[in-house]
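Novice: Heads up: the protein sequence lines correspond to chains A and B, in order. Taking numbering that gives the first Met the number 0, I'd label the letters of the first sequence as residues 0 to 162. Taking numbering that gives the first Met the number 0, I'd label the letters of the second sequence as residues 0 to 489.
By construction, these hints were calculated from the structure, which means they are not laboratory data. Note that the Cβ used here is the ideal one computed from N, Cα and C, for glycine as well. Possibly wrong hints are sitting among the right ones.
Claimed, not checked - Cross-link-like lysine to aspartate or glutamate pairs, in silico, EDC-like; alpha carbons within 16 Å at most:
1) B:LYS255 / B:ASP216
2) B:LYS469 / A:GLU85
3) B:LYS332 / B:ASP304
4) A:LYS44 / A:ASP20
5) A:LYS124 / A:GLU85
6) A:LYS124 / B:GLU44
As the list claims (entries may be wrong) - Stretch-level coverage of chain B by chain A, calculated; a stretch enters the list once three of its residues show a Cβ under 8 Å from a Cβ in chain A:
7) 189-199
8) 350-361
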Amino acid sequence: MTTGFPPTTPSPSAPALITADLVDLDLTGADRHEATGSLLARLVKQGRVTDAEGFLADVRAREEQMPTGIEGGIGIPHARSEHVTEPTLAFGRCTAGVDFGAADGPADLIFLIAAPAGGGQEHMKVLSSLARRLVHQSFRDALRAASSPDAVVELVQKEVLGR
Amino acid sequence: MKLVAVTSCPTGIAHTYMAAEALEQAAKNAGHELVVETQGAAGAEALSPEQIAAAGAVVFAADVEVRGKERFAGKPTVIGSVKRGINDADGLVREALEAAAGVAPAAPAQAPPPRAPQALGFASRLRQWLMTGVSYMIPFVAAGGILIALSFVIGGAEIAAVVNGGTYEGTEHAGISDLSQLWSQAGLAGIMFKIGATAFEMLVPILAGFIAFGMADRMGIAPGVVGGLLAVAIGAGFLGGLVAGLLAGAVTMALKKIKVPRGVAGVMPVVVIPLLSVFTVGLLMIVVFGPPIAGVQSGLTEWLDGLAGVNAVLLGALLGAMMGFDLGGPVNKVAYLFGTGALVSGNLTVMAAVMVAGMVPPLGLALATLVRRALFSQAERQAGEAAWLLGLSFITEGAIPFAAADLFRVIPATVAGGATAGAVSMAFGATLRAPHGGIWVIGLIGNPLGYLVALVAGSLVTTGVVVAAKHVGRRTATPEAAAARQPVAA
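I would like the entire structure built from these sequences, with the hints used as guidance.
Specialist: Here it is, written out as structure tokens:
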């Protein structure tokens with residue numbers, strides 16, 4: 000769907016897709032709403048989401064249409080929302096697993112993807128290349144093995160942004 | 000072997016691209032070349048006609064309708080959900096290769112028919128079709144409703160009678176049929192009312208047309224729109240529009256499945272399918288649905304007339320429930336005409352009860368979108384923003400987007416709210432000297448405080464019932480979602 004907005008190129012000073020503050024290697028949560036809420040708190044704290052409740056409603060509306068869990072332990076709660084300021088990824092690793100509705104069981108890698116409602120196409124391209132990396136087993140294994148939030152950030156920047 | 004694929008998903012930022020990557024990798028691993036058109040938020044880079052021509056088979060991994068399907072006509076096609084594209088890309092590619100191998104390149108007419116998408120349960124597909132119709136209808140509701148409301152504010156509620164003809168507060172208006180006279184005789188308010196009313200005439204045709212579009216692609220639009228217009232003509236309201244749209248979609252889907260000799264195939268989409276689908280749907284609307292609706296209307300009218308001596312509060316509740324039942328449809332019309340009939344014969348309390356009950360549905364639903372945002376889709380929340388003004392202006396149609404999207408949870412709420420408002424208004428003995436106008440004719444309302452109490456009480460009941468009903472629906476929706484996932488795992 001085209002947005003009607005002219006494509007914009009992110010300036011070099013544009014906030015990064017992910018920072019160490021947006022990574023939680025010991026994510027806990029009884030269900031997907033709790034896990035999503037916990038990652039969302041980080042987005043709010045970093046100013047990437049202006050209205051937590053509004054964004055959560057958009058994420059839930061998306062989950063209602065079809066669960067976002069993918070086989071291989073992946074959950075991808077996400078939404079395009081007017082309450083998002085910058086395309087952002089928050090990442091959580093949850094050893095206990097959280098059910099995101101995938102057919103093969105709970106997810107241990109959770110990616111909360113927040114996209115601005117009127118984002119230009121360049122913004123969306125960053126998120127599309129992130130999504131493309133997610134299907135690669137090597138990327139998933141590396142995320143499972145990452146020892147620190149900084150290592151996760153470095154990995155995402157290398158794999159997704161090629162830098 | 001060269002293959003092409005289209006991927007798409009509701010949000011267009013994650014699954015579309017994951018499926019694209021997975022399909023490309025699966026084809027590469029199998030030693031083939033696959034090019035994907037990602038119909039997502041980053042903009043679709045369309046497949047070139049050359050790429051499509053060179054491809055042996057097509058894969059659709061999509062949860063929303065693929066745009067431009069006709070580009071792939073005649074190609075062996077494999078269809079799966081976007082999740083299957085991610086979870087079982089190897090399987091989809093294998094099926095595509097098999098489909099391509101089953102077709103000698105010289106005889107594309109032998110192509111197997113596309114496999115029906117099995118990934119979504121019927122209930123969620125039905126909801127998708129209805130939401131397609133609703134989302135195309137909402138701009139007409141918002142633009143038309145707000146223009147009508149503003150025309151009341153600027154020109155007073157009599158503007159409707161001035162433009163359309165009729166009696167308002169004892170003054171007889173002939174109406175203005177020559178639009179070139181509209182500006183000089185009715186001014187800006189008249190113009191705005193006429194434009195708004197015209198937009199409203201399109202509500203049901205657009206709803207029906209785009210439900211059918213969601214089901215059967217562009218071939219569905221003609222029978223859907225014509226069926227919708229006929230639904231209006233036979234007085235069936237938006238419920239008739241839902242029926243017309245679903246009917247048109249089903250008829251068109253069935254006609255598209257008919258196998259014909261190659262020589263005839265060319266004229267099928269140009270002449271045969273439009274002709275047969277429009278005629279079939281039109282015939283059903285006029286012959287099958289028309290007479291019973293007219294019968295129900297005259298039966299209800301007679302019945303109401305026979306209730307002359309009944310308890311006033313009960314009559315208010317009954318009329319209010321009818322106002323909320325089909326939001327501008329046949330039952331609502333009977334109640335409204337009963338109200339204006341009473342007005343002419345000097346009974347002003349009935350008119351007040353009817354109007355307050357007609358204001359309640361949009362207001363109660365707008366309030367529900369505020370207090371429980373998560374229960375409503377983005378489109379419904381947008382409809383909620385416009386519904387405030389429409390409700391205050393006695394434009395009951397502001398509730399239609401909600402009802403069309405989720406009939407069995409919304410209608411009980413609008414009926415309960417309407418009945419409450421009608422009964423309370425009668426109990427307070429509120430009166431009204433105008434046949435419409437909403438809050439803008441507050442000066443013509445007797446006991447305005449009682450009237451407002453009825454309005455608030457009815458709206459709160461609608462909000463409460465719809466929120467409760469949506470919660471009930473959620474629990475039962477979970478197993479259905481699980482069932483819908485089953486084929487993905489297979």
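Novice: Against each hint, give a clear statement of whether it holds in the structure.
Specialist: So, going through the hints one by one against the coordinates:
1. B:LYS255 / B:ASP216: Distance of about 11 Å is within 16 Å: holds.
2. B:LYS469 / A:GLU85: Violated, at roughly 32 Å.
3. B:LYS332 / B:ASP304: It holds: about 15 Å lies between the C-alpha atoms, which stays within 16 Å.
4. A:LYS44 / A:ASP20: Distance ~9 Å between LYS44 of chain A and ASP20 of chain A Cα, so the pair holds.
5. A:LYS124 / A:GLU85: With Cα atoms ~13 Å apart, LYS124 of chain A and GLU85 of chain A stay inside 16 Å; holds.
6. A:LYS124 / B:GLU44: holds (12 Å)
7. 189-199: Coverage by chain A is violated here, the residue count being 0 at a Cβ distance below 8 Å.
8. 350-361: violated (count 0)
Going down the numbered hints, you'll see the structure goes against 2, 7, 8, while the others check out.
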